[in-house]
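Participant: Residues per chain, in single letters:
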Amino acid sequence: MEQTPVLSVENVSKTLGGNAILRSVSLDLHAGQHKVLIGPSGGGKSTLLQCMNYLIAPDTGTVRLDGQPVDAQSRKQLYAFRQQVGMIFQEFNLFDHLTALDNVAVALRKVKRMPRKAAEERARAELARVGLADRAGHYPAELSGGQKQRVSIARALAMDPKVMLLDEPTSALDPELTGEVVEVIRDLARSGMTMAMATHHMGLTRALADEILFMQDGEIIERGSPSELLADGAGTRTAEFCNHLS
Amino acid sequence: METLNFIVDRVMPALNEGAVISIQLIVPSTVLGLLFGIVLGALRVYGGSVLGALANGYAALFRGTPLVCQLLFLYYGLPNVGIYLEPYGAAVLGFSMCSAAYHSEYIRGGLLATRRGQHLAAQALGFSTLQSMLSIVVPQAVRRALPGCGNEIVYLIKYSSLAYLVTCMELTGHGKELAAQTFRFSEVFLVVGVYYLVIVTVASFLLRKLEDRLRIPGFGHA
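Line by line, the protein sequences are chains A and B. Our numbering applies: residue 11 is where the first sequence begins, and numbers increase by one. Our numbering applies: residue 33 is where the second sequence begins, and numbers increase by one.
To be clear, the hints were calculated from the coordinates, so they are not data collected in a lab. Here a beta-carbon is modelled for each residue, glycine too, at the ideal position from N, C-alpha and C. Treat each hint with caution, since some may be false.
[Said to hold, decoys possible] From the structure, some residues in chain A lie toward chain B, with a derived Cβ separation under 8 Å:
| no. | residue |
| --- | --- |
| 1 | His107 |
| 2 | Met169 |
| 3 | Phe251 |
| 4 | Cys252 |
Start from the sequences and build out the full structure, keeping to the hints where you can.
Facilitator: Right under this line is the structure:
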């Protein structure tokens, strides 16, 4: 019998402002799998990721966590669901008025209702994990882009998510700062975290992807392992697109 | 010399008494007005169609009618429907409600200037909308709105001088009474003006201190 996927998306569609952004998209994320979304801007990658944790409610279709459909009618269930699905944004979205430590600790305290001391202890451990133990007292405005993204990863990990969604985590960074973030993401993958990631970073894609999903016009038009899709002379849309990237 | 004696012996004792009442009006009205203004501003931005429309209507009504009318309505009008307010209570209520309408405008600006990603990130971590408002969005918006809100507080200090219209005898009321008795309007109101100037100066100093205390790198010029 096949295992239940950690997170699955079934026939999800979304129309925004009269444009079909997602057209009946389906995908399964099994425990420990790393799937990478590739494709041109406006192809629906971000919208798909945001539908996967219900930051955007799909018009039709079902999202399941451990086989349980998300019931957006119940606010409580929705908030509990989102706690278990970590999200990394292209623009980091650190809380601007909080230190790095409080950025990581605030959800532990307010959402998980942990006492302040325990939350801060956990937050310190997560900051240390991404190599930023010495930046705990810094505000976002005092951190580099790469450091901000690492804090945002620590913030997501502190919630003990079952799966992580990463929306172009290195795209807003200066080239010399992508390395430190890529390293953290690779560590995360090695630790067995289940992940779906939109990225244009080919090194990261080749290193991590169990499967590449090529999205265009709201549909997944190709899917397969990197070796299949990116092989010399594969003649795939994915290969063509990736050649233009590098 | 005679003028100085008049000021020290007659004007200042009367005004000191009034100034105490003025401060008793200003402090609670400032706090209540600001708190209510924050709630109102948040509702105007995030309240949805029903609550948002009600909050907008409230702001339009209280910003669109003279405070004098509001005070007179509260004190002389409400008894017609069986609600009797003390002069002091009517004044504080009127000031707070009017001030809140103006504060809500500054808070609304602060909320709109807070990037959408802040709320999105909070939601992604499992915050409810209310939790995100309280812990993430409003603390940022208030910091951005503080200079504007401080301006409104300075206005409030001066429109507290309308309280004597509902027989709450504060600084201006005492001044007016004394001036009417002595017919020395220029001396009395010159000193009344100085009293307000001192109160506003102290308030501005405290507001600046508060801004400094709440200052965070990345908000304004750090």
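Participant: Please name the hints from earlier in the document that this structure breaks, with their numbers sorted from lowest to highest.
Facilitator: 3 and 4
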